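**Q** Sequence:
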Amino acid sequence: MVYTEGVLEENFCYHLEMDSSVVEYQCQPLGYYYFYEGQKLRYTPDFKVVYQSDDGQIVIYYEVKQRKFVDKEFERELEAKRWPAKNAGSDLILVDDQFIMKQPKLINFKRVYTARRRGKPSPALIRAVTSAFASVDSISAIELMESLQLSIGEIYQLINFKILVSDFEQLFGPDMTLWRG
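Okay, so the sequence shown: first residue is 15 according to our numbering, each after it adds one.
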């Protein structure tokens with residue numbers, strides 16, 4: 015369970031949950047000091063995210079903000095906040111509502127995340143899906159649902175566990191195209 019300070023931060027968690035390179039994340043992690051306009055100030059990022067890369071693990075801090083509150087003054091202060099993170103081998107990145115709330119990606123993330131409650135797909139279901147792709151590269155969700163007697167929730171479950179892949183930029187539903195994961 016993650017406690018966030020608002021809906022925007024809550025919705026950013028869906029992006030993190032769906033990113034397979036995220037090892038762990040923390041909302042409102044321990045902060046650090048930065049210097050701005052001659053003052054030593056304390057800053058707490060909105061998120062600390064640990065990613066797995068080819069070179070090991072990297073840490074990125076995120077500031078989540080509505081675009082309407084980002085002005086030149088905010089950007090100057092953000093740069094001052096970024097310096098200590100970069101000095102420690104990390105970074106601080108601004109993520110705004112235009113990125114977080116982009117549709118249909120966010121609603122697709124939510125649908126797939128909710129399907130986690132179903133648990134891991136059974137080996138029999140995985141075998142059936144694998145055999146459905148024996149002679150095709152892609153298939154529509156409705157075709158797969160009809161041939162294997164699946165619900166749309168099971169399709170989302172299979173996407174969540176990377177058995178199936180679909181384009182999160184396209185609205186999910188019976189007409190979506192699926193590929194093997």
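It should be emphasised that the hints constitute simulated quantities derived from the structure, not laboratory data. All figures in this text were calculated on a predicted structure; none of them were measured in a lab. Heads up, the beta-carbon is just placed ideally off N, CA and C, and yes, glycines get one too. There could be a bad hint or two in this list.
Lysine-lysine pairs mimicking DSS-like chemistry, simulated, CA-CA at most 27 Å apart [unchecked claim]: (1) Lys79 with Lys62; (2) Lys82 with Lys134; (3) Lys62 with Lys176; (4) Lys116 with Lys79; (5) Lys134 with Lys176; (6) Lys54 with Lys79; (7) Lys86 with Lys124; (8) Lys134 with Lys100.
Label pairs and their computed distance ranges (CB to CB) [what the hints assert, rightly or not]: (9) Gln163 with Tyr46: 35 to 41 Å; (10) Ala94 with Ile166: 55 to 61 Å; (11) Gly45 with Phe147: 45 to 51 Å; (12) Ile72 with Val150: 36 to 42 Å.
**Q** Now tell me if each hint is right for this structure.
**A** Hint check:
{"no.": "1", "hint": "Lys79 with Lys62", "in the structure": "15 Å, holds"}
{"no.": "2", "hint": "Lys82 with Lys134", "in the structure": "41 Å, violated"}
{"no.": "3", "hint": "Lys62 with Lys176", "in the structure": "25 Å, holds"}
{"no.": "4", "hint": "Lys116 with Lys79", "in the structure": "14 Å, holds"}
{"no.": "5", "hint": "Lys134 with Lys176", "in the structure": "10 Å, holds"}
{"no.": "6", "hint": "Lys54 with Lys79", "in the structure": "23 Å, holds"}
{"no.": "7", "hint": "Lys86 with Lys124", "in the structure": "33 Å, violated"}
{"no.": "8", "hint": "Lys134 with Lys100", "in the structure": "39 Å, violated"}
{"no.": "9", "hint": "Gln163 with Tyr46: 35 to 41 Å", "in the structure": "54 Å, violated"}
{"no.": "10", "hint": "Ala94 with Ile166: 55 to 61 Å", "in the structure": "48 Å, violated"}
{"no.": "11", "hint": "Gly45 with Phe147: 45 to 51 Å", "in the structure": "48 Å, holds"}
{"no.": "12", "hint": "Ile72 with Val150: 36 to 42 Å", "in the structure": "38 Å, holds"}
When held up to the earlier numbered hints, the structure conflicts with 2, 7, 8, 9 and 10 and fits the remainder.
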